[in-house]
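Trainee: Construct the entire structure; sequences and hints are all you get.
Protein chains: 6
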Amino acid sequence: MPSLFQLRDRATCKYDLLALGEIMLRLDPGEGRIRCAREFKVWEGGGEYNVARGLRRCFGLKTAVATAFAENEVGRLLEDFILQGGVDTEYVRWTPFDGVGRAVRNGLNFTERGFGVRGAVGIPDRGHSAASQLKPGDFDWDSIFGQSGVRWLHTGGIFAALSDTTPQLVIEAVKKARQHGVIVSYDLNYRPSLWKSIGGKKRAQEVNREIAHYVDVMIGNEEDFTASLGFEVEGADEHLLHIDLSAFKQMIEKAVKTYPNFKVVATTLRAAKTATINDWAAVCWARIQEVSRPGNT
Amino acid sequence: MPSLFQLRDRATCKYDLLALGEIMLRLDPGEGRIRCAREFKVWEGGGEYNVARGLRRCFGLKTAVATAFAENEVGRLLEDFILQGGVDTEYVRWTPFDGVGRAVRNGLNFTERGFGVRGAVGIPDRGHSAASQLKPGDFDWDSIFGQSGVRWLHTGGIFAALSDTTPQLVIEAVKKARQHGVIVSYDLNYRPSLWKSIGGKKRAQEVNREIAHYVDVMIGNEEDFTASLGFEVEGADEHLLHIDLSAFKQMIEKAVKTYPNFKVVATTLRAAKTATINDWAAVCWARIQEVSRPGNT
Amino acid sequence: MPSLFQLRDRATCKYDLLALGEIMLRLDPGEGRIRCAREFKVWEGGGEYNVARGLRRCFGLKTAVATAFAENEVGRLLEDFILQGGVDTEYVRWTPFDGVGRAVRNGLNFTERGFGVRGAVGIPDRGHSAASQLKPGDFDWDSIFGQSGVRWLHTGGIFAALSDTTPQLVIEAVKKARQHGVIVSYDLNYRPSLWKSIGGKKRAQEVNREIAHYVDVMIGNEEDFTASLGFEVEGADEHLLHIDLSAFKQMIEKAVKTYPNFKVVATTLRAAKTATINDWAAVCWARIQEVSRPGNT
Amino acid sequence: MPSLFQLRDRATCKYDLLALGEIMLRLDPGEGRIRCAREFKVWEGGGEYNVARGLRRCFGLKTAVATAFAENEVGRLLEDFILQGGVDTEYVRWTPFDGVGRAVRNGLNFTERGFGVRGAVGIPDRGHSAASQLKPGDFDWDSIFGQSGVRWLHTGGIFAALSDTTPQLVIEAVKKARQHGVIVSYDLNYRPSLWKSIGGKKRAQEVNREIAHYVDVMIGNEEDFTASLGFEVEGADEHLLHIDLSAFKQMIEKAVKTYPNFKVVATTLRAAKTATINDWAAVCWARIQEVSRPGNT
Amino acid sequence: MPSLFQLRDRATCKYDLLALGEIMLRLDPGEGRIRCAREFKVWEGGGEYNVARGLRRCFGLKTAVATAFAENEVGRLLEDFILQGGVDTEYVRWTPFDGVGRAVRNGLNFTERGFGVRGAVGIPDRGHSAASQLKPGDFDWDSIFGQSGVRWLHTGGIFAALSDTTPQLVIEAVKKARQHGVIVSYDLNYRPSLWKSIGGKKRAQEVNREIAHYVDVMIGNEEDFTASLGFEVEGADEHLLHIDLSAFKQMIEKAVKTYPNFKVVATTLRAAKTATINDWAAVCWARIQEVSRPGNT
Amino acid sequence: MPSLFQLRDRATCKYDLLALGEIMLRLDPGEGRIRCAREFKVWEGGGEYNVARGLRRCFGLKTAVATAFAENEVGRLLEDFILQGGVDTEYVRWTPFDGVGRAVRNGLNFTERGFGVRGAVGIPDRGHSAASQLKPGDFDWDSIFGQSGVRWLHTGGIFAALSDTTPQLVIEAVKKARQHGVIVSYDLNYRPSLWKSIGGKKRAQEVNREIAHYVDVMIGNEEDFTASLGFEVEGADEHLLHIDLSAFKQMIEKAVKTYPNFKVVATTLRAAKTATINDWAAVCWARIQEVSRPGNT
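Chains as they are written, first to last, in the working numbering: chain X, 1 to 297; chain R, 1 to 297; chain L, 1 to 297; chain V, 1 to 297; chain S, 1 to 297; chain Y, 1 to 297.
I should point out that these hints are in silico values taken from the structure, not numbers from a laboratory. Be a bit skeptical, because a hint or two may be false.
Copies of one chain are not kept apart here, so a pair can be met inside one copy or by any two copies together.
[Stated by the list, open to error] With a cut-off of at most 30 angstroms between alpha-carbon atoms, the simulated DSSO-like pairs for lysine-lysine come out as follows:
#1 LYS196 to LYS135
#2 LYS14 to LYS201
#3 LYS202 to LYS14
#4 LYS14 to LYS249
#5 LYS196 to LYS14
#6 LYS257 to LYS202
#7 LYS62 to LYS135
Please read these numbers as outputs of a predicted model, since none were measured by experiment.
Mentor: Dropping the structure here:
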């Protein structure tokens, strides 16, 4: 997307992309089910981090992640995974562990595959995580964006829903990014369970609407735009059996008027027929009149 | 130990033993280390529960456990393990899960084996567990001890250290046990990390001293008696390289005078030479003058 | 099906269901084939027991199994699986092992998955099993059905085909069940290999016809009704490529006239297109005029 | 041992050694115990066959095995192992399988490692095996020893203890071997559990004494010579904690007088200190005056 | 195909088929990808050998392989697999290993499964293998075909492409086979990467055209006939999405005129829709007028 | 060792240490043996690289490796391991793969554990590797040492023995290191098999003696100093059963006189009693009069 964005010059930037978010240890029982497992494979995962990892390992870009872990063996295992992922760990903050997991923990996520009529299952166990306790001031954005140099910041609505402090950190980060000419992408990723005990959908909309003013590339499906930003869409398929884009397109039209800073709006769309057979589609809107801007990379 | 205790008649009791405590999911990387694992075997474990499991599977006794889990797949996996252990689950309480692990969780314990000069490692991740939120009133002890019938209650100092409410529950349970003629054993098992944020050693001693008045069989090594009950012992081997029982025996003499209700005091003792070579010993004191009591089972 | 059956009151019954049958150790080579395996996963399984396990773990009912094992480590492994399955083991009989497997054994079942044009394979190794040597008098049905209390007895044609003594035990059990108001279900499950050396189809029909008089819920497909009970059905699809119920329905009409005690007749039906793609259907006939009976649970 | 035996010329023999015995599928739970295994590694094994395999894979000799399997997937898995072992399968007899395991089976052996004070455990499940049903006439020894050519026959007391027919087969084989100039070795390997239901120690001695007259190399420890051949030895260490050869040597003296056909008597000796620490020794007596015989290989 | 070929009498032949080719150790990461594997399953494989193995294990024929390995543990592992495959190893040549893998190696092949849009991947690592260094004179064909006796020789275009010496060995072998009345089959199996550094397609055609004059059964698809033998075919489906045989049939007509020695021309044909869904077909041309030849087996 | 070396200032250096050497994929059959493995665990390894990995993961230093891989999936797997090891990959050179492994490969190393009297085994398969083809000019040392900044270069005698070009590259590197004030350590690590076909011990000594003039920290045992540098030592224990340092110390005295540039000479020493029980020692000589040098870090 060369001409849509005024990406900073690679020569002046240590990283092509910085992801801001939580990384959890994913526990996966393989072919079987969690409730009778005797063995779990482990992986790392996190909506915001996954973007940094994919860009590094599939496309060879230089990426880093800003996050925090409790300083224990589980945190070190997560670091081991991030290293393997090729994502730089210099902005990982290490919080002293209390030896119990009361004050601070590392986030876990138990997941199992669906099969036929049985859906896939995810059991997040991420309360009180070091990442959820991140707050404004924890990262020196001027040093990161200014001195080290970053071309793109990616963060999202899951991280913003982790606590009372992460929304403030996200807002701090996206404002600083804008200041330093760093392109900002944001994945709305609305999760009711995360918002429930910290203000619900009302609070989610307050947070996300403020963040949205600093976003260049907004990612989200119909439900995300509706729940996180308060837009309304008619005729959505509740049962997720068909992919119909017309209503969604209308809503995007509204959104890009409300937020003239959006340069791209995109999402993938899935219609699950069974746990193993899914239809996939993707939609991407781009503010192409901006193509004529001079001076792009 | 037939004549030391007036055990209730087996015919009137559904269970030979009830354990009160937390059960954690144990994650075990096998031969390797947690910090570079890609697979974990899982097991269940918990100091109090392990007694109930061992009595069932090695000695064929009927046992049950009083505990609580968050109602999710991880809790159900723990239930699966308890069933396999042959320990009855009727006194497992199921707490609604919040979908995040902020309000309530199931306790986890990452453990790895030592090797040569490198010690074994345990990383408990048990804060905010359903079991730690158990409180007086959660179990109907009159129904359990009276109607169903239980011959022996086993609980311990780890469970009493989980929160501000578990000490009260332990005290409620041991008092009720005494009332119903149920023998009480208690494993002091002092863990500084657990007490640190809920009152420290001072609070540990308050709690354990109160509980001790209702205990028939007290289990603990020198450190446990010192830290949990405030006894002092001279000449303990800090480096745990030798097993010397004389000082410990003196301390037991003091303890059984302070607590005339103690009928047995016992512990296992380990001197770790390397992570793989350990010397083991065990000591057991019994108030044998009680042998003459009539009417024992 | 609340009003079809006069189920006994749950309050007076220790178990919702008791299964009578054999449980085998299932050896499963996973993705590969038995004939070049170097590792087997193990599970427990048995047509009658599977019903008790499913009701316990999927629906939370209280179930038990009446069976027998040779008293050795393999038998104890089977017990370990049954415990994990949540099925009570109090009616498991333990037969002394001869150290060789000549006089008594535990049943095994090697099974492998089909793939494409290659069908699934099962190699039972169940001769001389402890369960096959069960005989009338081995269980105290009055104590089980009367004192402990059972609401439903499930057994079937596999167990009845194990030896010369198991048919008599089944007949004893279903008669006693009827006496105690216990609903009886029976899965015909005709297996020519089992009957071959103990009287063939002729003996199978003698046995199953006698049992049928005490059955409330009869389970079986066309082949089961034909081979086990001697009914005839026209136009069955030998190659199992299509599911056509009309002929089967006619046969059910005949069967429920012959056996007025049948309250429900049901089965699942599978048409295997390849080893991995199957069409499934199910049919269930119910004697609905019985709905008006008063006093049902 | 070139000059002790008049080994047949290699050029005229298809096989250096033929083993006659049963081969079982060995199921091995690895580090854990059978009674809570969820996975078994499998291997093949059998006292007589192991000699043929070792000579082939460690010393490169040409060997074959005379045995029988039930013709099913388990039998084919055993064949797969024998092929991997490099032992020729042309004298494996395939018995039709009855689909149940009543009439004929393949022998299994569940084994687990000991640990510290817990001894190793083996649970043979070999009753009714195809090998145990082998009988005189099943192999054409004149063709095998005469036409194909075999230099050495190895068999043993386990195979001879499998049934009422295997002793006769062993006697037939060793007589024919002698006739064809084939050296015979025999491993006494006394197992009370095998003999118990087919005549006990009395029958064991009848059988082994007859066989002994045709044996060149007799293998067995003190207990084997005592129980299988009726010799007596004084001062044996019942607890197997020390290896003392003097009594054993005296007994060998007696044996080689009774059986002047013995050219070598040998055994390994183990003193088990714990399940993991054992002392090993070996003893070998040879009738060395035979060295002077001319014409040896 | 009894009457197409004058197969030699089984009674005079030690082997039904001899395969001449390389066998590689196949390293397989299972469900995952090579580039992040931590574990590989291993198998043996090789186009020519696979035919010998299949005939032995699926159809019970007696087969052997003529090949070479470096004498080290990896070579011995390959031998272990060939033994398991039931293929005789007497014509395996063992080349001294240099301890480094500079002068001689054993061929390896890393392979991973495709998934959806991602194709399967194979990474051969077979340069400098012992098999690629085989040359005329390495096998005593008169002894193999004449004295031991072989009914059918199978070799192919992969082996002929391994080096400058293997083509000469193949030509030597097929000529000698013809001399001894051994039927010859040849799988063209054109691989551009193998020919690239030893003469390219031009050299491939020289070699294969010479070999073709001694072949009875020629195996190859359109690309094989075109690239290896220089025939031209019109309208081939480059994208391999459909199977259209008409053009291929025309080309076969031309081929069997050019090479009147061809008695059968055959191939399997695959149209890959995705990495997991493929359409399969097969085509076989036979020179049926030869049916009338007298004296066939 | 702060005052022995004038280490460059950390602030001006991107890396604490750069390792120059080959990294191989290590294939490990676990508990069993290579020759009957069906599964291998994989790891990365290489004498020079291991130092960089250990400093990064155990001591938190910043390290990188200068090496080369063939550009294929196996090379990418090695990269995946290096990333996990936390060692920077910017100086990894990627050589185009020929699709066969004739022109260029990635080095492999099959290794198995010893057991009791059976020694451990390693089967390197590293001929024609990309790393062995590295040559002077392949790395821009002025940019690496000068601009990026490196404090310590570690390389060794295995890498110098890989081919005719790697010695020249090592000499180029150590000279440049000296020029830029980079401390140089060198592990002699003499391997006869590597030198055999490229000039033998004579060439080994030529190469190592030249390199030795630029080394600050020389690592090697008695055999290394003898074979690689031509020093002689008396009374070495050929059977490696005892560790006797006196002769070794005398030889070090000679060596540090010959090479006044050596500041440290060190090695670990192992006396193998069995494959599993080893005595270990270490020896380190330091030129301590240099402690008085001013201006050290």
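Trainee: With identical chains, the pair LYS202 and LYS14 could be close in the same copy or across copies; at 30 angstroms between alpha carbons, which is it: within, between, both, or neither?
Mentor: neither (38 angstroms within a copy, 48 angstroms between copies)
Trainee: Within a copy, between copies, both or neither: where do LYS14 and LYS249 come within 30 angstroms Cα-Cα?
Mentor: For LYS14 and LYS249, neither the intra-copy (37 angstroms) nor the inter-copy (49 angstroms) Cα distance is at most 30 angstroms.
Trainee: Please sort LYS257 with LYS202 into within, between, both or neither, judging by C-alpha distance up to 30 angstroms.
Mentor: Within one copy only: 22 angstroms inside a chain, 63 angstroms across chains, cut-off 30 angstroms.
Trainee: Checking LYS196 and LYS135: alpha-carbon separation at most 30 angstroms within a copy, between copies, both or neither?
Mentor: both (20 angstroms within a copy, 25 angstroms between copies)
Trainee: Classify it for me, LYS196 with LYS14: is the Cα-Cα distance of at most 30 angstroms met within a copy, between copies, both or neither?
Mentor: neither (38 angstroms within a copy, 41 angstroms between copies)
Trainee: Can you tell me if LYS14 and LYS201 fall within 30 angstroms by alpha carbon in one copy, between copies, both or neither?
Mentor: Close neither inside one copy (37 angstroms) nor across copies (47 angstroms); limit 30 angstroms.
Trainee: Within a copy, between copies, both or neither: where do LYS62 and LYS135 come within 30 angstroms Cα-Cα?
Mentor: both (25 angstroms within a copy, 28 angstroms between copies)
The earlier numbered hints that this structure contradicts are 2, 3, 4, 5.
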